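Q: For the protein sequence lines, the chains are A and B, in the order given.
Numbers in the working numbering are just positions in the first sequence, counted from 1, shifted up by 6.
Numbers in the working numbering are just positions in the second sequence, counted from 1, shifted up by 6.
No wet-lab data here; the hints were simulated from the structure.
Errors might be hidden in some of the hints.
Where chains are identical, the list cannot tell them apart; a pair therefore holds if satisfied intra-copy or between any two copies.
[Unchecked claim] Keeping only pairs whose Cα atoms sit at most 25 Å apart, straight-line, the calculated SDA-like set for lysine to any residue is: (1) 32 - 261; (2) 392 - 181; (3) 40 - 122; (4) 413 - 206.
Being a predicted model, the structure only gives us computed values, none of them experimental.
Number of protein chains: 2
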Amino acid sequence: MEKRKINVGLIGIGTIGVGVARILLKDRARIRQKKQVDIVLKGIADISPKALKRIPGGKKLYTRDAQKLLNDPDIDIIIELIGGINPAKQFIRQALTGGKDVVTANKKLLAYAGKSLFALAEKKGTDLKFEASVCGGIPLIRSIQDGLVANEFDSLYGIVNGTTNYILTRMEETCEEFAVALKTAQDKGFAEANYKLDTRGEDAAQKAAILARVAFKSAFPISSIYREGIEHITPQDIRYARDFGYRIKLLAIIKKLGTGLQVRVHPALIPLQSSLASVRNEFNAVLLNGDQTGRLVFFGKGAGCYPTASAVVGDVIDLARKRQYGIPSAAAENNIRQNRFPLVPATEAKLSYYFRFGVADRPGVLAAIARILAANHISIAAVIQKGHAGRDGVVPIVMLTHEAHEKTVRRAVTRIDAMDMVKKKTHIIRVVHLP
Amino acid sequence: MEKRKINVGLIGIGTIGVGVARILLKDRARIRQKKQVDIVLKGIADISPKALKRIPGGKKLYTRDAQKLLNDPDIDIIIELIGGINPAKQFIRQALTGGKDVVTANKKLLAYAGKSLFALAEKKGTDLKFEASVCGGIPLIRSIQDGLVANEFDSLYGIVNGTTNYILTRMEETCEEFAVALKTAQDKGFAEANYKLDTRGEDAAQKAAILARVAFKSAFPISSIYREGIEHITPQDIRYARDFGYRIKLLAIIKKLGTGLQVRVHPALIPLQSSLASVRNEFNAVLLNGDQTGRLVFFGKGAGCYPTASAVVGDVIDLARKRQYGIPSAAAENNIRQNRFPLVPATEAKLSYYFRFGVADRPGVLAAIARILAANHISIAAVIQKGHAGRDGVVPIVMLTHEAHEKTVRRAVTRIDAMDMVKKKTHIIRVVHLP
């Protein structure tokens, strides 16, 4: 088969776009030699030319108008790196409709509009690849879809948000409050000014939605995915967790339950010796439990210019090879016509729980709490009651339970919080025992 | 493009072969639906039909004669799972020459004869895939070659032998001697009767050779790869290492040094908090340091029927899709015509070292040892001298050094071992600080 050039158009030159452009321009010969495909970056579009100075040789490829690339019949592949819903969605639709393949790192768009985009790609015989959208530097999507294709997965546990993992690590190491650790994360470039998407679990929920599609062939509206952030976690919780032998991590969990699937994002106490507990700072890791391979863990940088750019370029090379050899679209694989599993509400989970009660400093409080828990068939696994009352006269009682139904737990805690001697709303954190 | 059946012949039905046959027979429809390719297991060859009873539907596919499959013009892909050099090599050569693609898990053959086999595959336009040959359950080869293709690697550190990792874990947990832990490993099926390939580092060296080819584009004769096993490690070493904050693991290390490459296999003290230190029992893990992605770790089962079978099936699916869509061979990628890097002798390494001296129980010994080390410009980082003489009158002195040249270290230890008051040959274990 005659070799031809594969032309690529890049839309969006933020940090990742700059990395992608640099790799494609610098490594063209290396890629050709390694993968027998000649990839040419033909155009770069962005509303601002500012980042061009960081792309040697980029200036002559620049256009302010993305339409120039989208309408160029010589361009085979569009890389969308502007993020957000609009106009990214319109650009991608336009590219797919025009017979171009698309590579994106846009997790939000995929989580919100994946359904229509994959359907469009399948209909048009084009491809939409997105390795960089989840755990940037880790070749996770392709491992699930190709290397592990002989597996059915039972569960997936992921630390998929580097910002929150950095904040939690920092809180543990320095005993800083959330707000202080957040500030440090922002100073170091690990958290954005608009940090709430990260700290409230929204970003992780978007990634969970994508992973449920890829690994469990089930597409759920992002709004239906339970999420809880880390803003209410205190250094005290982290210290008590440690006393019990656990570390607190923000987890994305996808897990079969009966005939359905749970998909949820929340902070969790995980055993200190578990493989995800040692994932520190801005790193990501995903634990997959396959029926053939058993437990697998992928660990690496989830974000950052070059890790993510590396994933984008991997996808571009795949698509270029497909173009060159006339391989048909694989979009059908991600166009979920019917969910493999129905979504099980998060309240159906049966877990252990960590409670931190803030109570009045007088006798009988623990007994009263224990009585309510017992009445709800929640048994106590461990208790710490070592603090003294602070200036507010409130003493912490910290507790781990055995497994109980979330519904029952919520009911019991509502009753406990209604008691006179309970001075603060009870902190509840789930305990997750990884496979 | 019209879809056709892709016919597969399986040679060798040991544990992995059985797993592969079961997956291909049971999951044909699932694979067709997931990956749009129809893979038919057309024949199974083995000198013994014994394992057929574990393959439902396998009997009617059986032949005693591998030539039946190798000469069948309808067979597209041969899976070689007999292991060892002969007749596996001849079978694979025959298949490749006859225009068939090959999937193998045969690390020994690839390490010894990879050069001629990949050259043959490239010449014939066929493919030779081998994901299962290194860290069975972990999709490592494909991640390096596809997902991480935009990366240059600086170093690779792997726990790639499950048997020795199981033994070392067991020795740490129970303080058993090597021979006792080995017996347990054999009883549990984690070590073979002929265990020496594992415990002497031969198996890990074969995997290192394959990884040097894949990740560093350099093919070295297996005999040139430095290897040292774990048979001389004692529970005392493991305990002392722990006192210093380290754990002992058998590592395969590939690392750029100057313009060359070190490839070596040996036990090493690695910091307790490093990501590879928590890899326990029969699990494998590989740490890769890429210029774009930074540090990546892949963790999973390195052996076992289904993890390895899963990797074989992943390769078969790739090849079937390539056949279906007429994609040319990728064998050139692994046919190293010229090494990217020359091999640097292991003695060129500059590392820290762990010494365990067995000395006479009298004053002045430590001073004498320290004097020799100082004369060789080896500085001491930490010393433990807490034991008392056993019945043999020998006291251990345990020491960690700062970085020193291996050559110098060997020279100094030879001088120390020649001293009267040194009663036993000094144990030397390298200390490795992972990125």
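Q: The structure should be examined with respect to each hint, and the outcome stated for every one.
A: How the hints compare with the structure:
1. 32 - 261: Close across copies (24 Å), not inside one copy (42 Å); limit 25 Å.
2. 392 - 181: within (18 Å within a copy, 36 Å between copies)
3. 40 - 122: Intra 35 Å, inter 20 Å, cutoff 25 Å: inter-copy only.
4. 413 - 206: within (22 Å within a copy, 55 Å between copies)
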